[in-house]
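Enquirer: Here are the chains, one letter per residue:
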Amino acid sequence: MRNLFPILTVLLAIVVIWYAGAVVMNSTWTQDQAERAGVELSFSEVVADTMAQDRPKLPAPHQVAAELWKTTVGKKITSKRSLVFHGWITFSATMVGFGIGTTAGILLAIGIVYNRAMDMSVMPWAIASQTIPILAIAPMIIVVLNSMGVQGLLPKAVISAYLSFFPVVVGMVKGLRAPDMMQLDLMRTYNASGAAMFWKLRLPSSMPYLFASLKVGVAASLVGTIVAELPSGAVRGLGARLLSGSYYGQTIQIWSALLAAAALAGMLVGIVGIVERMTLKRMGMAQ
Amino acid sequence: MSLAKVTEKWERWVSLLDISNFPLEHVFSFRFWAFVAGVILAAFFGWKVAAVLAVWLGMWWINTSLAASGRGSFVVPALFGLTLLGLWQLVVMLFGVPAVILPPPSAIAARFATEIPTLWVDFVQTIIKGALSGYLMGCGAAVAVAVLIDRSPFLQRGLLPVGNFVAALPIIGVAPILVMWFGFDWQSKAAVVVIMVFFPVLVNTVAGLADTTMMQRDLMKTYSASYWQALIKLRLPAAMPFIFNGLKIATTLALIGAIVAEFFGSPIKGMGFRISTEVGRLGLDMVWAEITVAALTGSAFYGLVGLIEKRVTFWHPSQRG
Chain A
1 MRNLFPILTV LLAIVVIWYA GAVVMNSTWT QDQAERAGVE LSFSEVVADT
51 MAQDRPKLPA PHQVAAELWK TTVGKKITSK RSLVFHGWIT FSATMVGFGI
101 GTTAGILLAI GIVYNRAMDM SVMPWAIASQ TIPILAIAPM IIVVLNSMGV
151 QGLLPKAVIS AYLSFFPVVV GMVKGLRAPD MMQLDLMRTY NASGAAMFWK
201 LRLPSSMPYL FASLKVGVAA SLVGTIVAEL PSGAVRGLGA RLLSGSYYGQ
251 TIQIWSALLA AAALAGMLVG IVGIVERMTL KRMGMAQ
Chain B
1 MSLAKVTEKW ERWVSLLDIS NFPLEHVFSF RFWAFVAGVI LAAFFGWKVA
51 AVLAVWLGMW WINTSLAASG RGSFVVPALF GLTLLGLWQL VVMLFGVPAV
101 ILPPPSAIAA RFATEIPTLW VDFVQTIIKG ALSGYLMGCG AAVAVAVLID
151 RSPFLQRGLL PVGNFVAALP IIGVAPILVM WFGFDWQSKA AVVVIMVFFP
201 VLVNTVAGLA DTTMMQRDLM KTYSASYWQA LIKLRLPAAM PFIFNGLKIA
251 TTLALIGAIV AEFFGSPIKG MGFRISTEVG RLGLDMVWAE ITVAALTGSA
301 FYGLVGLIEK RVTFWHPSQR G
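Residue numbers (this note's numbering), protein chains in the order written: chain A, 1 to 287; chain B, 1 to 321.
Hints in this document: simulated from the structure, not taken from any laboratory. Mixed in with the good hints, there may be bad ones.
[Said to hold, decoys possible] Pair by pair, the computed Cβ-Cβ distance ranges are:
{"hint": "1", "chain 1": "A", "residue 1": "55", "chain 2": "B", "residue 2": "101", "range": "50 to 58 Å"}
{"hint": "2", "chain 1": "B", "residue 1": "213", "chain 2": "A", "residue 2": "180", "range": "20 to 28 Å"}
{"hint": "3", "chain 1": "B", "residue 1": "73", "chain 2": "A", "residue 2": "184", "range": "35 to 43 Å"}
{"hint": "4", "chain 1": "B", "residue 1": "154", "chain 2": "A", "residue 2": "274", "range": "24 to 32 Å"}
{"hint": "5", "chain 1": "A", "residue 1": "15", "chain 2": "B", "residue 2": "226", "range": "49 to 57 Å"}
{"hint": "6", "chain 1": "A", "residue 1": "9", "chain 2": "B", "residue 2": "75", "range": "55 to 63 Å"}
Heads up, the beta-carbon is just placed ideally off N, CA and C, and yes, glycines get one too.
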């Protein structure tokens, strides 16, 4: 709560800068129109006009807020114009992808920790793949899967799974190796089997690492889904809203889709954070 | 057949397979199950599958023994990469996968060799003009802002949570807006890159500037060092491991930003433009050639920043090992 006041101040500053930017960027259009009509505008008239344009360069915050309100609360959620509907499409693909990516990532991490050859051959590639702009191949995967007859949710989920996969692998390998020599030795003095060692020591001590990488992974998989919605000619989903907004110059629509995506990302990371806090608390690991 | 004969036969089989000495951990080994699965699959699907599996198992066996010998920390991953490429080639050739779905590595290499001029033009447009200029501006701005807000705990407390939140957002979504503002050429791509790399570097730099102990700061005070002296001689160097962490994350983000921003509009050159148009024309070998360029550039860029980090933060425990 100590941070609440500074954060609110910063957010307020952002809104003020946003308004100022809207006035500056939209005023050229206003002046153009006025010149054509042969009217001289006063400063207050210019400001009023920049706040209420149809296709502003930078829509004012209240315009975006109004659009958001209109497309979330004002429309039925089954309507094609409802952001809730588009958000749901993106959300479901993200969740499927995140689930696949996380499961595969954990399994591969277990393989890497328990198999030396796998560690030596797969791990360098897993790390190297982090440096590769994987998103660039998104359109290709979409088109290829399309030509093979896979459509709808799955191609998007594949890309989002791919993006959330590597953070989970890297974090989980670190986590499964987190127990130190002492703890492993203690388990050995108990004559613990390999399975007991895994379930009672390695897996529990990897949890903080797992959640840290899940947070990264869930954000990455949302980005993956949104980018995957761009090239497929998709008509549904937040990414498709962004693209159609950019085709038709509907800046207000772009901004509202963007804010909806931001809210979705915040929600997903927040949910992972809550689960993390609950889990670690029950395991006695929370500070 | 008498019982004795059966038992004898069984004993012979057991001794042949050496099941009694079969180490139990092999049951959990990947190789064992791969072998079992391979035999079953080959029995069902014929020699093509068997050939692919044979190559895979052979390479896997070499890798396992290399890894077990404890040598070849460089050879093993390289061999694994080659195995994947070889299997890819083999699968595409044996099963006749159409080139519009998955071109073989050889076709990609051939296309790469013949299209080097085009690839170079795209590279300059996207990487040098878009990603690199945006990366330099964004990282520079982020470090500068971090130093500026460093004097105000109030701004730090406000900006850090916001920055952390923004760093997790799908910032790539601002690409269409920035393309609208700055036009189709590289300026808009650089702007996307600036915004994408700004927050991770900012958050890391602020965290790094806070990473000095009371002792160290007190020492600077006993030297009667001014704020700027303490900043330049103690806190900036101490922040370098954090800053480089941010810079390394930012390398990948910069490439992604520059390439994806081109999907929203670009002049008729650039890697993102080429990828989206060639996908439309089903020239997948060209797409893969561009991806190869992107992957090589990404790794080289990351490696370069890592190399600079090694030179700058030679004193840090993680670099001394």
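Enquirer: Look at each hint and say if it fits the structure.
Expert: Evaluation of the provided hints:
1. A:55 to B:101: 50 to 58 Å: Because 41 Å falls outside the window, the suggested range is violated.
2. B:213 to A:180: 20 to 28 Å: 25 Å, holds
3. B:73 to A:184: 35 to 43 Å: Since the Cβ atoms of residue 73 of chain B and residue 184 of chain A sit about 23 Å apart, the hinted range of 35 to 43 Å is violated.
4. B:154 to A:274: 24 to 32 Å: 28 Å, holds
5. A:15 to B:226: 49 to 57 Å: 36 Å, violated
6. A:9 to B:75: 55 to 63 Å: 57 Å, holds
Checked against the numbered hints given earlier, the structure breaks hints 1, 3, 5 and satisfies all the rest.
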